[in-house]
Every structure is written in C-alpha cells, then in structure tokens.
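Top line first, the protein sequences correspond to chains R and F.
Mapping to numbering that gives the first Met the number 0: the first sequence position 13 is 12, numbers consecutive.
Mapping to numbering that gives the first Met the number 0: the second sequence position 68 is 67, numbers consecutive.
Everything labelled a hint here was simulated from the structure, so no lab data went into it.
Among the hints, a few may not be true.
As the list claims (entries may be wrong) - Computed cross-link-like contacts, EDC-like style, restricted to lysine to aspartate or glutamate with a CA-CA straight-line distance of at most 20 Å:
id, chain 1, residue 1, chain 2, residue 2
1, F, K43, R, E66
2, R, K73, F, D77
3, F, K76, R, E66
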Amino acid sequence: MAFEQEPEYSAAEAEDIVERTIEQHEVALFMKGTPMMPQCGYSRKAIKLLQLHRDDVETVDILQATEQFRAALKPHSGRETIPQAFVDGEFVGGSDILEQLHEQDDLADTLNA
Amino acid sequence: MVSVLPAWGYRHRMEPDDIEALIERTVPDAEATVKTPRDPDDDKHFAIEVVSPAFAGETLVDQHQLVHDALDGRLTKDIHAIELRTRTPE
Chain R
0 MAFEQEPEYS AAEAEDIVER TIEQHEVALF MKGTPMMPQC GYSRKAIKLL QLHRDDVETV
60 DILQATEQFR AALKPHSGRE TIPQAFVDGE FVGGSDILEQ LHEQDDLADT LNA
Chain F
0 MVSVLPAWGY RHRMEPDDIE ALIERTVPDA EATVKTPRDP DDDKHFAIEV VSPAFAGETL
60 VDQHQLVHDA LDGRLTKDIH AIELRTRTPE
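Chain R extracted, bound-state conformation:
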C-alpha cells in the first residue's frame, strides 16, 4: 500500500467536506486518488461505472486524510470502506454494489441518468 502521509484535514474538516459534498452534488464519490489517477482498483472500477452515466461526478480523494474521512463517512453509509458513492445525499454503494447494479441494468436509474 501507499505510504502514510500526514493528514491534510482534521476530523472536523473531513466531516465538513463530506457533508458539503453530498449536500451540494447530486452524484458524489469518495475514492482513493483522482478520476485520472485512481490509487486502488476498487476506486478505479467505481469511477468508471459512474462515468458511464454521468459526466458531473464530484470526487473527493480520501487519501488526503484517510482515517479522518473513514470516520466522517461512517455515519452517512454505515461503513468505512472506500470507495463510497452517494446520490442526492444517500449512500448507494461501494464498487461491488455499483457493479451489481450495472449488471442488472439498474445503475442509470440509481444515478438519475
């Protein structure tokens, strides 16, 4: 795994970023890395699936403060694993749920596409 770096955000800042992001963006993805350079295969899979249907996905690179973001996401999704996708503020899944929705042809509906 990647080396641990100093967190760029405090716990309170991470909570604030999570809340603002899911409130202000219809589709949001918390991932490791960026859409151009995902740092984990699961995050890569998640952003690719979302971008099949939406070109306006807001992303947050949780590696900027990994433990702070895991803790900040848990009240919203019930989990700490990354990636996590939200639509209209609701948790809709990690990469495996997105993949299953895609296979069932339900992903476009889930993403309001």
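We have chain R; now place chain F onto it with these hints.
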C-alpha cells in the same frame, strides 16, 4: 454455540474460514463462501458470496450492510477489502 472471538483491535491474520464463520454466526441462516481473489501472497483481499433468506426484500445497500456489520472492526484493518455478492437462496 457461540465461540469466543479474538478481542477487537487485536491484529489477527484472517483466514477465509474465519471470515465464513464470522458471517454465518451473525447473518441469519447464512451460507458464506470466501476466496482470496488476488495473488496468493495477498492475504487481505477477499471475494465473499453470502446466501441468506434474510436478504429477501432488502435493498443491495441493506444486504451488504448486514455483512459489513458482521465483519465490524475487521474491515479496513485485518481485511483490506472485500468483493461482496449477496443473494437469497434459489
């Protein structure tokens, strides 16, 4: 009979059998199958399939939540990531 689990936070190498037992103990009438999907030296990624009647009528998010709850405290630590499939019995 419920057996004693290692204390949370104790770093314990998780074997596929341990994960199956943990899920089957928590999710009602579950049948869990756990495999390591990646290279054999990687002991922290697992592919998990869980079949349980408890998933009937639940959304995928809620189905997955039942399994995540069963693994609470181990995910992201002893277990880096899971590839999870849930379904009800045929």
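Checked hints:
1. Between F/K43 and R/E66, the direct Cα distance comes to roughly 18 Å. Compliance with the 20 Å bound is thereby established for this hinted pair.
2. Distance restraint check for R/K73 and F/D77: the Cα-Cα separation of roughly 18 Å lies within the 20 Å cut-off, and the hinted pair is therefore satisfied.
3. A distance of roughly 11 Å separates the Cα atoms of F/K76 and R/E66; the hinted pair therefore holds under the 20 Å criterion.
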